[in-house]
Every structure is written in C-alpha cells, then in structure tokens.
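**Q** Below, each chain spelled out in residue letters.
2 protein chains.
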Amino acid sequence: MSLLAVGSVAFDDLETPSGIRENVLGGSVTHFSLSASRFHPVQVVGVVGEDFGPDQFKVFEGRPIDVSGIVRQPGLSFHWKGQYGADLNEARTLQTDLNVFADFQPDLPPAHRAAPYLFLGNIAPALQLDVVRQMAARPKWIALDTMNFWIDGARPALMEVLKEIDILLVNEAEARSLTGERNLVKAYAKVRTFGPRILVVKRGEYGMLLLTPEGLFALPAFPLAEVQDPTGAGDTFAGGFLGYLARAGTLDMASLKRAALAGTVMASFAVEAFGTERLQGLGDAELRGRMDAFAEMLRVG
Amino acid sequence: MSLLAVGSVAFDDLETPSGIRENVLGGSVTHFSLSASRFHPVQVVGVVGEDFGPDQFKVFEGRPIDVSGIVRQPGLSFHWKGQYGADLNEARTLQTDLNVFADFQPDLPPAHRAAPYLFLGNIAPALQLDVVRQMAARPKWIALDTMNFWIDGARPALMEVLKEIDILLVNEAEARSLTGERNLVKAYAKVRTFGPRILVVKRGEYGMLLLTPEGLFALPAFPLAEVQDPTGAGDTFAGGFLGYLARAGTLDMASLKRAALAGTVMASFAVEAFGTERLQGLGDAELRGRMDAFAEMLRVG
Chain P
3 MSLLAVGSVA
13 FDDLETPSGI
23 RENVLGGSVT
33 HFSLSASRFH
43 PVQVVGVVGE
53 DFGPDQFKVF
63 EGRPIDVSGI
73 VRQPGLSFHW
83 KGQYGADLNE
93 ARTLQTDLNV
103 FADFQPDLPP
113 AHRAAPYLFL
123 GNIAPALQLD
133 VVRQMAARPK
143 WIALDTMNFW
153 IDGARPALME
163 VLKEIDILLV
173 NEAEARSLTG
183 ERNLVKAYAK
193 VRTFGPRILV
203 VKRGEYGMLL
213 LTPEGLFALP
223 AFPLAEVQDP
233 TGAGDTFAGG
243 FLGYLARAGT
253 LDMASLKRAA
263 LAGTVMASFA
273 VEAFGTERLQ
283 GLGDAELRGR
293 MDAFAEMLRV
303 G
Chain C
3 MSLLAVGSVA
13 FDDLETPSGI
23 RENVLGGSVT
33 HFSLSASRFH
43 PVQVVGVVGE
53 DFGPDQFKVF
63 EGRPIDVSGI
73 VRQPGLSFHW
83 KGQYGADLNE
93 ARTLQTDLNV
103 FADFQPDLPP
113 AHRAAPYLFL
123 GNIAPALQLD
133 VVRQMAARPK
143 WIALDTMNFW
153 IDGARPALME
163 VLKEIDILLV
173 NEAEARSLTG
183 ERNLVKAYAK
193 VRTFGPRILV
203 VKRGEYGMLL
213 LTPEGLFALP
223 AFPLAEVQDP
233 TGAGDTFAGG
243 FLGYLARAGT
253 LDMASLKRAA
263 LAGTVMASFA
273 VEAFGTERLQ
283 GLGDAELRGR
293 MDAFAEMLRV
303 G
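The listed protein sequences correspond, in order, to chains P and C. Under this note's numbering, the first residue of the first sequence carries the number 3, and numbering increases by one thereafter. Under this note's numbering, the first residue of the second sequence carries the number 3, and numbering increases by one thereafter.
Just chain P, with the same shape it has in the complex:
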C-alpha cells in the first residue's frame, strides 16, 4: 500500500553562498522519496543513465523505498547546474542537460499500478496524465507538482490532468500564473474549478499556505541560522507532507495540518546541507525532536 512517486532523478551541480558541489544526487523523486519514506513506504518511478550506479542506488537503501521502477538507460542521467545568490529563494539555472530524461515515458511496473496514493512530480503534464491512466484503480488521492514552464507552455494538457488531481502543490508565482489571481485565497477558488480540492502553496523561507474546503492553514518555515542549499526543499516538503498523509490514510484537516508540519520540518533539515546529505544522516530522534519543538514553538496558549 505504497505511495507511488513519478518524476526526475538527476545529478546537480550546485553553487550557493555556502560553497560549490558537483554531481550531487538530486531530482524531484529523489528528494521526495527520501523525505516521504520517513513516514510511509514509497515506490519510485524514474529514469537514469549509465552514470547512475550502485553508489547512487545506495542512497535509497535502509529506507522503505522501492527503486525497482527506476529504469536505467543508455546515455547520461539528467544533469542540472544551478546557482543561488544571497537571496536563497531564487535559483538561477546555468545549464540543463535532459539526457535520458528527454525521452522519459513512465511505464509503471504491474506492482506499482495498485498504489493507493500517487505523487506526480514536476514532469510534462501529458506524461502525468499518462501515469494516471496506467493506474489499475483510481488512487485514494493524487497529488501533483508543476511549474511555470508547463503552465505557460502546456496549459491544455495541464488543465486535462488537473481534472484528475486532489492535491495541487505549487509555489506562489505558479499559483498566480495558473489562475491569474494574485490573492491566494482567490487563486484557490479558481483552482477548485480546475479539479483539485486542496491547494498547497510553497513559500520558501516564508513557509506554506494550505487551502482546503474545511478552511485555511498557514505555517512559517522553521527558523534556521544556516541554510546551505535550498535545492529540493519543495520536493522534500511534498515528501514529508504526502508521506505523512499516506500514513494517516485520511485528508481531514487535523491530518493535513500535522502533515504540513512534518513536511516543513523535513524541508528544514534538507536545506541545512547540500543535496540529500542531511536527510541521509537524519536520525529518527532528531526528526521527532524538531517536530515537537516546532509544534511547541507554534503553540499560542
């Protein structure tokens, strides 16, 4: 009864005010699965090249992450090179080599088609829709991430897949360009007419906003003295959020709030080091400790 995640697996070259790292393991489902698997078993579907070997697969070991759906193909893996200035909210893309990811056509293994929970990472909307159609039965919920590249360039296909979606996760700029509404409460009203009944707006260092038929919820980010690399923070948040929801088995407001807290805390760990480094070394007690500390911080007596 896994949470199925479909998206990119990549190598990243990263430059932030804290340093430079090359060939760091990245990609949406990488960050997502390392985070979600703290709360619920995850099945990953993606594509990698011949440069992706045992060293990389090892990162997923020791966690309930099924990587049998990661297909290895001739050529090189997706490679992204990005740079952050003092404002860590915005990445500047220096280079994108799609490589084997250019022809990514997710083909779900039979064992994956019955997953009750589905996360569609940020890939072409047509592929996201194709994944939905491969499912043996309609999952209990489907969540989707997208970006302005698709909102601007593949809107008809995106609108098509949105009809199938329960939870939409986007950042503020994406919510605005998708709906044409600057105010996020109004943007949510529009999103509901597109299909999703739950909207999660990711706000980087400002936290997140959750809009549901039962009401609104907002969380600040967990305050940190040191952010080394924000790459993957959004996918790490999505992983914690959806992993927690999969474990809860319900989308009631209380679960959604706790899930938002879990996602926010996971993201706070992720950005403390480059790539997946911090999540790999993260102990359960440390995770529980920060979740408790954050819940206590938020408590207004």
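Be a bit skeptical, because a hint or two may be false.
For chains that are exact copies, the list does not tell them apart, and a pair is met inside one copy or across any two.
Stated by the list, open to error - Capping the alpha-carbon separation at 25 angstroms, the derived lysine to aspartate or glutamate pairs in DMTMM-like fashion look like this: (1) K192 x E274; (2) K188 x E228; (3) K192 x E228; (4) K188 x E279; (5) K142 x D132; (6) K188 x E207; (7) K192 x D89; (8) K188 x E288; (9) K83 x D105; (10) K188 x E274; (11) K188 x D89; (12) K83 x E24; (13) K188 x D294; (14) K192 x D254; (15) K83 x D53; (16) K83 x E52; (17) K188 x E298.
Bear in mind the hints are in silico, worked out from the structure with no lab data behind them. Remember, predicted model here, so these are calculated numbers, not experimental data.
Got chain P; can you put chain C on it based on the hints?
**A** Positioned in the frame of chain P, the structure of chain C alone reads:
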C-alpha cells in the same frame, strides 16, 4: 499607567488596486494608537497642523486614547502620497510634504513622563533618544520602530538610542541593512549586541518573526481574500503587539506569542479597508472572533 506612543500623525493620499482615497487620516501613531487601545490605554505625542481639526480628533474618541499630547501648530499637517501596484508589499512614495512634522520636537507633557511603557514610532533617532531622556523614570520597556532612511543616514544616532531599547520592530530589509546579516537568526544575534533583547521582524503578507532570548516564534499573516490598503499595517501590528504586552505587564514568551497573535489579527483588519476605516468600525466581538479563529487555525493537534 499608559502606553506612551510618539510618532507621526498625517494625511495620506492612497492609490491601491482597490481604489483611490485622498486626505485619509494616517501616520504611525494614528494606526498604532487605534490598534493598541483595544488592549491598553494609550497616550499619544505628535504634531499636526491647522488642517487637523475636530473631524480628525473624533477618530480617537470612544477609545482610551489620550490625545492631549498632540500639539497643533501653524501650517499644514504631514502629508504623504503613495501608490501600490499588484504587489501590495511595496509602497511607491509619490510625494512627501513634511510640513509641521519637519520641525517636530517632542516635548512630553508632565503627565506622560511616567508612562511605564514607551513606543518610539519611526522618527529621527535623535528625537527618539530625546524622548527617552525626557522620561521621569526608565519605563519597564521601550520599543522602537525605524527605517532604512535612518539606518543609512543617521546610523550613529540610531546606535545610540538602540542601547536604550528593549524591543526593536523592523521589516526584513531593515533588519538586514541594520546588521549586515541576511539570515534573520544571525541578524538577531547582532541586534542583541546593539541593545534590544527582543527583535520583531515584520514580513507583510508573510506574517512576522519574533526572536527572543527564550526562543523563536513565527506567525503567518491571517489569510485574507481581499486586501484594500496595506498602509499602516506595520504600525497597526505594533499597536496590537505592544498594547497586548502592556496589558499583560510581562515580556515572558507566552505573553509575547499571544501579543504577536493580537498584533497580526489587528493588522489583518486594518488592511481590509482604506486608512483607519476598518479599525474604527471594528467591534469587540468581531475582534475576539478572529483572534479565536486564528489561534484555532494555528493549532496543530
């Protein structure tokens, strides 16, 4: 045992995506006192011109606001003209006529010099320091607001008055330029060496961050479907925050958190209409209702 507030009283011409208003009552201590007085009696010290008459003074009536410290002088009142685009976080100043405010020299009436709580609104640091020196006894706490104009142009005087301050309220850009630190946790460590032991960072639509020796606290803004005019939101927040703290009589963490919630809710009302309109018509039940709703929204079970 009032909360004494010193700062500007003004007329504003406002242009936002919701409309245009002229000669709206504004200024830092106007917004501050209308907000703070919901929680604690306030004494206001400021200067106005001959254009400020009974119609304007009427706005303060029916609330525990002592306006006997507002001096009326020959000439016109401070007049500000500002414009907001779709991004309501940033005001564009179209015109500033200081008028009588140019020669503002706060002279505290004897009855005001014993106030146990003092808010120094955004005026020249030299004047802020002068006010502190006029106090008969050191207040239980002093809070101060400032802006980049003084941080850049009057830093030595600002550093002097900061030595006397307990609570510093600034926005993110101001916290950064004051300290040279982009990360707000690090900025707080610097601020402590300047004097203030509590830092409040105002983040507009993203809420606020509170940094204290006892720990951190963050609140999102109260989510609103409609924002008509953000002018004075920061001073309204400061009013709710400090008014609540004056009533509580202590600066312990629990009080600080509740005060932050009160300030955030007051600011959420203020921006729903132009100028002071919304706060003037705000009923006690409505205020309590939103404070309860916000506390409930924030609760993660």
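**Q** Which numbered conditions among the earlier hints are violated in the structure presented, ordered from lowest to highest?
**A** none
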